[in-house]
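*Asks:* This is what each chain is made of:
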Amino acid sequence: MITLKIDGLPVTALEGTTVLEAAQSVGIRIPTLCNYEGLSPYGACRICLVELVRGKTSRLEASCTLPVAQGMTVITNSEKVKHARKVILELLLASCPNSKTLQDMAANMGLNKVRFKVKDRNCILCGLCVRMCASQMRSGGIGFVGRGTSRRVSTPFASHPEECRNCGACEWVCPACERACTAGSLKDALCGGCQNREPVQTCEICVKCSESVGPKGHKVF
Amino acid sequence: MAQEVESIQRKVDAVVDRNGGGRDSLISVLQDVQSEFRYLPEGALRRVASRLRLPLIQVFGVATFFRAFSLRPRGKHLVTVCLGTACHVRGAQKVVEEAERQLGVKAGETTSDMKYTLETVNCLGACALGPILVLDSVYHGQMNPGKVKEVLTGSLAVAPPLRMKHPAVQPTRKLSVPRKEYGKTKVNRRPGTP
Amino acid sequence: MAKLRSIEDLEHLRNRILKARDPRKQIITVCGGTGCLACGATKVFETLRKELAKKRLGNKIGLKFTGCHGFCERGPLVVVYPEKIMYQRVQPEDANELIEKTIQKKEIIERLLYTDPATGKKIVYEHEVPFYAKQTRLIFGNNGLIEPTKIEDYLAIGGYSALAKVLFEMKPQQIIDEVKKANLRGRGGGGFPAGRKWEETRNAPSRDGIRYVICNADEGDPGAYKDRSLVEGNPHSVLEGMIIGAYAIGATEGYFYVRNEYPLAVKNVTIAIDKCRKLGLLGKNILGSHFDFDIKVSRGGGAFICGESTALMASLEGKIGEPRFKHIHTAIRGLWNRPSNLNNVETWANVPLIINRGAKWYSTIGTGSSKGTKIFSLVGKVKNTGLVEVPMGAPLRKIVYEIGGGLRDGKKFKAVQTGGPSGGCIPESLLDMPVDYEKMTEAGSMMGSGGMIVMDEDTCMVDIARYFLNFLTEESCGKCTPCREGIDRMLDILNSITGGSATMEDLSLLEELAGVVKEASLCQLGQTAPNPVLSTLNYFREEYVAHIQEKRCPARVCKALINFEVDPENCTGCGKCVKICPSGAASGEKKKPHRIDEKKCIKCGLCRDNCKFNAIVVS
Numbered sequence: 001m002i003t004l005k006i007d008g009l010p011v012t013a014l015e016g017t018t019v020l021e022a023a024q025s026v027g028i029r030i031p032t033l034c035n036y037e038g039l040s041p042y043g044a045c046r047i048c049l050v051e052l053v054r055g056k057t058s059r060l061e062a063s064c065t066l067p068v069a070q071g072m073t074v075i076t077n078s079e080k081v082k083h084a085r086k087v088i089l090e091l092l093l094a095s096c097p098n099s100k101t102l103q104d105m106a107a108n109m110g111l112n113k114v115r116f117k118v119k120d121r122n123c124i125l126c127g128l129c130v131r132m133c134a135s136q137m138r139s140g141g142i143g144f145v146g147r148g149t150s151r152r153v154s155t156p157f158a159s160h161p162e163e164c165r166n167c168g169a170c171e172w173v174c175p176a177c178e179r180a181c182t183a184g185s186l187k188d189a190l191c192g193g194c195q196n197r198e199p200v201q202t203c204e205i206c207v208k209c210s211e212s213v214g215p216k217g218h219k220v221f
Numbered sequence: 001m002a003q004e005v006e007s008i009q010r011k012v013d014a015v016v017d018r019n020g021g022g023r024d025s026l027i028s029v030l031q032d033v034q035s036e037f038r039y040l041p042e043g044a045l046r047r048v049a050s051r052l053r054l055p056l057i058q059v060f061g062v063a064t065f066f067r068a069f070s071l072r073p074r075g076k077h078l079v080t081v082c083l084g085t086a087c088h089v090r091g092a093q094k095v096v097e098e099a100e101r102q103l104g105v106k107a108g109e110t111t112s113d114m115k116y117t118l119e120t121v122n123c124l125g126a127c128a129l130g131p132i133l134v135l136d137s138v139y140h141g142q143m144n145p146g147k148v149k150e151v152l153t154g155s156l157a158v159a160p161p162l163r164m165k166h167p168a169v170q171p172t173r174k175l176s177v178p179r180k181e182y183g184k185t186k187v188n189r190r191p192g193t194p
Numbered sequence: 001m002a003k004l005r006s007i008e009d010l011e012h013l014r015n016r017i018l019k020a021r022d023p024r025k026q027i028i029t030v031c032g033g034t035g036c037l038a039c040g041a042t043k044v045f046e047t048l049r050k051e052l053a054k055k056r057l058g059n060k061i062g063l064k065f066t067g068c069h070g071f072c073e074r075g076p077l078v079v080v081y082p083e084k085i086m087y088q089r090v091q092p093e094d095a096n097e098l099i100e101k102t103i104q105k106k107e108i109i110e111r112l113l114y115t116d117p118a119t120g121k122k123i124v125y126e127h128e129v130p131f132y133a134k135q136t137r138l139i140f141g142n143n144g145l146i147e148p149t150k151i152e153d154y155l156a157i158g159g160y161s162a163l164a165k166v167l168f169e170m171k172p173q174q175i176i177d178e179v180k181k182a183n184l185r186g187r188g189g190g191g192f193p194a195g196r197k198w199e200e201t202r203n204a205p206s207r208d209g210i211r212y213v214i215c216n217a218d219e220g221d222p223g224a225y226k227d228r229s230l231v232e233g234n235p236h237s238v239l240e241g242m243i244i245g246a247y248a249i250g251a252t253e254g255y256f257y258v259r260n261e262y263p264l265a266v267k268n269v270t271i272a273i274d275k276c277r278k279l280g281l282l283g284k285n286i287l288g289s290h291f292d293f294d295i296k297v298s299r300g301g302g303a304f305i306c307g308e309s310t311a312l313m314a315s316l317e318g319k320i321g322e323p324r325f326k327h328i329h330t331a332i333r334g335l336w337n338r339p340s341n342l343n344n345v346e347t348w349a350n351v352p353l354i355i356n357r358g359a360k361w362y363s364t365i366g367t368g369s370s371k372g373t374k375i376f377s378l379v380g381k382v383k384n385t386g387l388v389e390v391p392m393g394a395p396l397r398k399i400v401y402e403i404g405g406g407l408r409d410g411k412k413f414k415a416v417q418t419g420g421p422s423g424g425c426i427p428e429s430l431l432d433m434p435v436d437y438e439k440m441t442e443a444g445s446m447m448g449s450g451g452m453i454v455m456d457e458d459t460c461m462v463d464i465a466r467y468f469l470n471f472l473t474e475e476s477c478g479k480c481t482p483c484r485e486g487i488d489r490m491l492d493i494l495n496s497i498t499g500g501s502a503t504m505e506d507l508s509l510l511e512e513l514a515g516v517v518k519e520a521s522l523c524q525l526g527q528t529a530p531n532p533v534l535s536t537l538n539y540f541r542e543e544y545v546a547h548i549q550e551k552r553c554p555a556r557v558c559k560a561l562i563n564f565e566v567d568p569e570n571c572t573g574c575g576k577c578v579k580i581c582p583s584g585a586a587s588g589e590k591k592k593p594h595r596i597d598e599k600k601c602i603k604c605g606l607c608r609d610n611c612k613f614n615a616i617v618v619s
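Chains as they are written, first to last, in our numbering: chain Y, 1 to 221; chain G, 1 to 194; chain R, 1 to 619.
I should point out that these hints are in silico values taken from the structure, not numbers from a laboratory.
Beta carbons are placed, not taken as given, at the ideal position from N, Cα and C, and that holds for glycine.
Be aware that a few hints might be false.
To be verified - List time: in silico EDC-like cross-link candidates among lysine to aspartate or glutamate, alpha-carbon distance up to 20 Å:
#	chain 1	residue 1	chain 2	residue 2
1	Y	K119	R	D492
2	Y	K113	R	E505
3	R	K267	G	E42
4	Y	K56	R	D492
5	R	K603	G	E100
6	R	K43	G	D24
7	R	K296	G	D17
8	Y	K82	R	D492
9	R	K296	G	D113
10	Y	K119	R	E438
11	R	K326	Y	E21
12	Y	K117	R	D609
13	Y	K86	R	E11
14	R	K326	Y	E163
15	Y	K117	R	E442
16	Y	K113	R	E93
17	Y	K86	R	E442
18	Y	K86	R	E512
19	R	K319	Y	E163
20	Y	K80	R	E512
21	Y	K82	R	E438
22	R	K319	G	E42
23	G	K149	R	D609
24	Y	K117	R	E505
25	R	K319	G	D24
26	R	K579	G	D32
27	Y	K117	R	E438
28	R	K296	G	D24
29	R	K267	G	E100
30	Y	K80	R	E438
31	Y	K56	R	E457
32	Y	K113	R	E511
Stated by the list, open to error - Selected chain Y positions facing chain R (Cβ under 8 Å, derived; list incomplete):
#	residue
33	K82
34	I88
35	A94
36	L111
37	K113
38	R115
39	F144
40	R147
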């Protein structure tokens, strides 16, 4: 058994547990996107960052891939962490603006403005669909293609692959594009979604959802 | 068509066998296949996947990840301009732009007559001679925008450097681009030569 | 040559080779490094061979096509032994004269000698040339004596004696201790103590007992080519290091990962491995020691990220070069989930030296924390471009000015960029700093793999930052958000700065983004990607501000901020610019001052480069 400190709380965990799992076991919530129970951790989205303190210095590490170690000191909500998370989310929103999950996360973090030009990829490249297909469904129908900003999830030669059994697991596990934010037409909107503490200035990329709900803004979640 | 498919398969099989047949030979195999066909045809990739017992998406992913590989046929002549830092500092960007102008394509593209493919590479490791333009495995150093046309039309009188077998390129063929009248040009002298 | 089955066999072979060589015999060595090859060294070599044959001297006079000598600026290089007379910029036409005068009549050809710019005198002997004299060429110096495809040459200079010593006189732990004592640190950039890595790999549990040693020859840093020259010129030194390492670690399989863009390196190392196998220096029961080890050559596919150890191993496994987290070291779980020790080419090449001459001797070279020598590729706006080997701790000024000869074209020094896209720029104020791992990092840069790019007043530092970010957006694997998206957005901002449309807010956003990318990225590519931006901002902030607030590029590089104009006082109306201009922007009547149409001008600079009267001005 390993003992470590998360946000000042002493936590015990088995060797091989990740810091994310250890934190969750004591009820500390760390936001995640590319993490999924049952799939081995990937560490790509970097939303689950925590601050690992070592003496006078500290480093940001992804908690989903960080194994617990004896005497570790971890902080999940320092200013450094919160700022990094916000910027990363901002970057994600700039490349996948219509994602309800991202919009919700943004609202919870108090992120209202995206300062980058929107280049809509409609995918956050978390890899859940690919990993699901490969390791759970043992298929290999879809995968990552290309590199860098041209990286995308696709099938070989962009055609329907033989290996695909149409199981739908990739669609089901996707955290970002499950349902696009459609607050423009309220009856389709899944609102109750983007809660904010105060009447929000319209997010530049959002479709004026605050106006569609009412002048006082939303209830706090 | 069936014959073509068979011939592709046979060639691929030869390459796979030559490289040992293991999963760790995937990149080497793809390079040899690329040398053979001058690009990676779909049929070849499917055969590689089946021979190496890898999911097709993995082979396809690798083929699209690495720069050495092209899924589209390349031109007969490969023009590569080095954009490494040392070359950049000596003005390689202008050489690329001039090459783009001369060939009428952007870097990464092939001319419509399939004669030339223009590419950039991020360092060839011959930094003392930058900027460098490689035409069909022949290195031309100390390039400047003014020399580009001559090199492309083959009229530059440079001691023929070693023809290093660039894996991605077929053996050299004679250039068939017509010589254009250029007017008097400066004699190529390396800076600092007495 | 028969297989060697014992140390005695090895020594017998070595003695036979040495006996067959007359130290007084004249040997002409031609540098066959890539730089010289591109200058026509092959033709020089061929012509020399033909001329020797014509004069029936082929048997009396030796002719070798060696690896890179290092003084790339002056290629093609020819060195005549045993006197070590050095000729530079040799052309095929000089071959006949070389043989008649220098070989047959023992006369020196003055015009082919190197002139020392400081004294104006001609220098005859290679070891007196300041470029070489000021270096400490422990590793690289052997290149001039070896024809890379001939294992005999390597044996003749004592090659594989370290291996023999290790296999029969030392135990694996002793070897590791020796390497630890020598404090050999990784020469690929990370600077991690090699001995510790070896020990970790040796002690890591392996289900089936298989461990790997890997040589990282995926030199992706643009501007660095020292690994290339070592592999092309003296592959056996690297192989010997690997075999010693494998024995110490207990590995039976090795991989030599060479990048795709180095075909000659692939060729030479493959030949070298083949020769080793034939002699029994690789394979089963090496030299009768019961140690089995073999190496496979693997080619890269053209991805800078594959220089990173976990990405390299992924690509060896036939997957895309995606790095993974390194909380669990590759020494414990690496290639195919087995303990794997990965080291850079130069690191391996240092091993035989340490074994032969001892860790104690080795640790007398260098500084407190960085021992031994380091090879740098000194390129850019410096007079003597080439490969330079100096002891750790040598002052940067010495490298740039004494060895490099200072700036070319009489320009002023501005900065030295080290560490490739992961490094930073070191300004003039820090020129006296000793070059070692810690000091480089303190200055905001990195030792990196050894690229040293000298920049002068005509280099725009903002453009350099933009260049590196552009490089990195193309090379990022795309797995993690901060690197994939963050670097791309940083590039957007830099493009707007060099394009003249940025605001000071953009600059703050750039810094904020740089901080997050640095802290949050998964691998070293992303974590060090902001370094060029941060270091140029640190030392050259005024250039950024000028670009933003004054829309001015002080170095006159950024196209959107400069204008090409004709100076009517100097223009003679010769019309050259009109002929050369690709966009038809230059125009004018004969003998009258010409004009450049701003709207058509694409800022290619051809007019300025070709105007004999300095009549084209950039503002």
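*Asks:* Looking back at the hints listed earlier, which ones does the structure fail to meet?
*Replies:* 3, 4, 6, 8, 9, 10, 12, 13, 14, 15, 16, 17, 21, 26, 27, 29, 30, 31, 33, 36 and 37
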